[in-house]
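J.: Spelled out from the first residue to the last, the chains are:
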Amino acid sequence: MNWIAMFTPEAVPMPPSLPSPSLQAWALDVSWAVILAATAIWLLSCLPTRRAHQWMAASMLSVACLLPSPWSPSYWLGLAFQFPSVSSCLLAAWYVSRRLFRPEANRFKPTEKSLVLWLVLVGVGLGWLLMLDTFALLPGSLYAWGFHPIAPAAVLLVTLLPWIFFGRSGFDSLLHGGLILVLLTHVIWRLPNGNAWSALMDPWLWLSLHFLLIRLARKK
Amino acid sequence: MAFWFAGSRESGADVQIVSSQFLRKTRAWTAAEVVVNRWQSAEQLGHGLRRLGNPVAWLNRHGDIHLYVVATGLGGWAASRILHLKQAGSSLAGQLRFEAIRVLPLSWFWNISHLVRTAPMPLADGGMLLPLYFELGAKYPMAVRFDATGQMVGLSRISQRRDLLQPALIARSSQEWLALMRDGGSSHAIKAAHTTDAGASWTDLKDLDLPNPDAAIAALALSQNQFLLAHNARGDSRSMLSLSTSSDGQHWSTLDTLNQGTPGGEYSYPALVWADGKLWMSYTDQRRQIAWQRYAPSSSGSSGGSQ
Numbered sequence: 001m002n003w004i005a006m007f008t009p010e011a012v013p014m015p016p017s018l019p020s021p022s023l024q025a026w027a028l029d030v031s032w033a034v035i036l037a038a039t040a041i042w043l044l045s046c047l048p049t050r051r052a053h054q055w056m057a058a059s060m061l062s063v064a065c066l067l068p069s070p071w072s073p074s075y076w077l078g079l080a081f082q083f084p085s086v087s088s089c090l091l092a093a094w095y096v097s098r099r100l101f102r103p104e105a106n107r108f109k110p111t112e113k114s115l116v117l118w119l120v121l122v123g124v125g126l127g128w129l130l131m132l133d134t135f136a137l138l139p140g141s142l143y144a145w146g147f148h149p150i151a152p153a154a155v156l157l158v159t160l161l162p163w164i165f166f167g168r169s170g171f172d173s174l175l176h177g178g179l180i181l182v183l184l185t186h187v188i189w190r191l192p193n194g195n196a197w198s199a200l201m202d203p204w205l206w207l208s209l210h211f212l213l214i215r216l217a218r219k220k
Numbered sequence: 001m002a003f004w005f006a007g008s009r010e011s012g013a014d015v016q017i018v019s020s021q022f023l024r025k026t027r028a029w030t031a032a033e034v035v036v037n038r039w040q041s042a043e044q045l046g047h048g049l050r051r052l053g054n055p056v057a058w059l060n061r062h063g064d065i066h067l068y069v070v071a072t073g074l075g076g077w078a079a080s081r082i083l084h085l086k087q088a089g090s091s092l093a094g095q096l097r098f099e100a101i102r103v104l105p106l107s108w109f110w111n112i113s114h115l116v117r118t119a120p121m122p123l124a125d126g127g128m129l130l131p132l133y134f135e136l137g138a139k140y141p142m143a144v145r146f147d148a149t150g151q152m153v154g155l156s157r158i159s160q161r162r163d164l165l166q167p168a169l170i171a172r173s174s175q176e177w178l179a180l181m182r183d184g185g186s187s188h189a190i191k192a193a194h195t196t197d198a199g200a201s202w203t204d205l206k207d208l209d210l211p212n213p214d215a216a217i218a219a220l221a222l223s224q225n226q227f228l229l230a231h232n233a234r235g236d237s238r239s240m241l242s243l244s245t246s247s248d249g250q251h252w253s254t255l256d257t258l259n260q261g262t263p264g265g266e267y268s269y270p271a272l273v274w275a276d277g278k279l280w281m282s283y284t285d286q287r288r289q290i291a292w293q294r295y296a297p298s299s300s301g302s303s304g305g306s307q
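Chains A and B supply the protein sequences, listed in that same order. Each residue of the first sequence is one higher than the one before, counting from 1 in the working numbering. Each residue of the second sequence is one higher than the one before, counting from 1 in the working numbering.
If we strip away everything but chain A, and leave its shape as in the complex, we get (with noise of 0.2 angstroms):
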């Protein structure tokens, strides 16, 4: 088999699948609308704060990304970050129906930890290459690969190597429901914006994934 054939981005079979325009459109304020609700109270939590005045601020910052488009934040936050992953979405609204229907479970506890350092790990140096590429310091375009149609089950298929290699020890069924949601969402709709990677992580996610990196080599 012709490996380098294969993942030649003008050897796609068929051309790569946008999202429509209105959908785009409304995913953007969609999801900027949870982003920041969880933003919202993720900030508020670490003040002196009622459980009330968070909900407040989330629910003003949501329903102010409906608004009409310059009175929009998603507008400006648009202009600026473009579309969050959809996976940065899917984590700010596991996080807010979390705080709103389990307010008493303050942490996030994985039955499998060392699944979660691989995510983070694959993660951050997924990003890494992304960035590496976007400087055109790799030689080829491996954000081109992210429009090809073997991109989302590649994706799987690395983040269910723990699984496949340690059975039910390497296996959690929120992270990779999760997952699994991420790359569902994408190839039904192509969201955000046609490209595996970018359903999968955009910037300030993978800034955050250094973070919890570093909590989790401390930890270890």
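Check the hints yourself; a few may be wrong.
[Said to hold, decoys possible] Covered by chain B, according to a simulated footprint, are these stretches of chain A (three or more residues, beta-carbon under 8 angstroms):
1) 24–35
2) 63–76
3) 80–86
4) 119–133
5) 143–155
6) 188–195
[Unchecked claim] One side of the interface only, derived from the structure: several residues of chain A facing chain B at Cβ under 7 angstroms:
7) 21
8) 136
9) 203
[To be verified] These stretches of chain B come out as covered by chain A in the derived footprint (C-beta under 8 angstroms, 3 or more residues):
10) 39–51
11) 128–138
12) 152–162
The set of hints was computed from the structure by calculation and includes no laboratory data. Fair warning: this is a prediction, and the values are worked out from it, not measured in the lab. For every residue, glycine included, the Cβ atom is placed at its ideal position computed from N, Cα and C.
Start from chain A and add chain B according to the hints.
T.: Chain B only, in chain A's frame:
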């Protein structure tokens, strides 16, 4: 039909994309009209666009005009993205209008620092190859392929060098294409790369024997062995603009001097197009107005003017 960006200054808040048509009947250009407004396009996209510039037009086989326009995000030109617009309705129905389709997804890093400048290269399948470039820190050329309907089908990097920009594409055959590029480095020569597998892979070639004062060029293939190049012929200034010809795309001879002035003068950013059996070219004249010239193939003379 000609498109350009116009406003009080480059990257100004009031810059809009304007258009003018050359009417065969009156043999004159129509008054310039605004066809893309950043506020309207931002409204259609759902997110802001800070500044506009560098429109590149493509007429597909269905007669629809697509426009690719530099639209900056948070920051200056280095934070540019490429906005894809499509003609809304028919130009025969009255005023030309464009609808924003999307910002082209070109990189992972907030999709910044990609610009267009040079004309697309039409492909046999009805699609085209749009040359573009990245310019934040490194400067490198890229090409994005579109199908006949204007759907993006892939992207690739043209050169491994990191000081080249504004690639101009010409085809020597269905598989062999040449990219000529502005030199953003210190060697002051036009750079070249080629592909023999229809853009799947590109190889850098040795520099052309033509100077380049870090200035834009324009190339056009009249046939598989007749190419034209508009370029600034001095390595130290943009004060002379020339038209050169070649049979292989690598060895060029001067055909005509289009304009030249004092050392501080500037005739730059040329564009070439073949229409109505004639060569049409435009360029900016001293950064104050747009000049145009038209060449008939059998005569050495030309006609032209400025707007």
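J.: Could you run down the list of hints and mark each one as holding or not?
T.: Hints, one by one, checked against the model:
1. Using a Cβ-Cβ cut-off of 8 angstroms, 5 residues of the segment 24–35 of chain A lie near chain B, which meets the minimum of three, so the contact claim holds.
2. A count of 5 residues in the segment 63–76 of chain A with a Cβ less than 8 angstroms from any Cβ of chain B is obtained; the coverage claim is therefore met, three being the minimum.
3. Coverage of a stretch by a chain is defined here by at least three residues with a beta carbon nearer than 8 angstroms to that chain's beta carbons; for the segment 80–86 of chain A and chain B the count is 3, and the condition holds.
4. Beta-carbon proximity to chain B at under 8 angstroms applies to 3 residues in the segment 119–133 of chain A; the threshold of 3 is reached and the given coverage holds.
5. For the segment 143–155 of chain A, the stated coverage by chain B is satisfied: 4 residues place a CB nearer than 8 angstroms to a CB of that chain, which reaches the threshold of 3.
6. Residue count for the segment 188–195 of chain A with a Cβ under 8 angstroms from a Cβ of chain B: 3. That meets the three needed, and the coverage hint holds.
7. Residue-level restraint check for residue 21 of chain A holds (minimum Cβ-Cβ distance to chain B is 6 angstroms; threshold 7 angstroms).
8. With 7 angstroms as the threshold, the beta carbon of residue 136 of chain A comes within range of chain B, its nearest partner Cβ sitting at about 5 angstroms, so the hint holds.
9. About 6 angstroms separates the beta-carbon of residue 203 of chain A from the nearest beta-carbon of chain B, less than 7 angstroms, and the hint is met.
10. Only residues whose C-beta sits within less than 8 angstroms of a C-beta in chain A count toward coverage, and the segment 39–51 of chain B has 9 of them, enough to reach three; the restraint holds.
11. Evaluation of the coverage hint for the segment 128–138 of chain B: fulfilled, as 4 residues show C-beta separations to chain A shorter than 8 angstroms, against a requirement of three.
12. For the segment 152–162 of chain B, the proposed coverage by chain A is satisfied: 8 residues have a C-beta within less than 8 angstroms of a C-beta in that chain, meeting the threshold of three.
Of the numbered hints stated above, none is contradicted by the structure.
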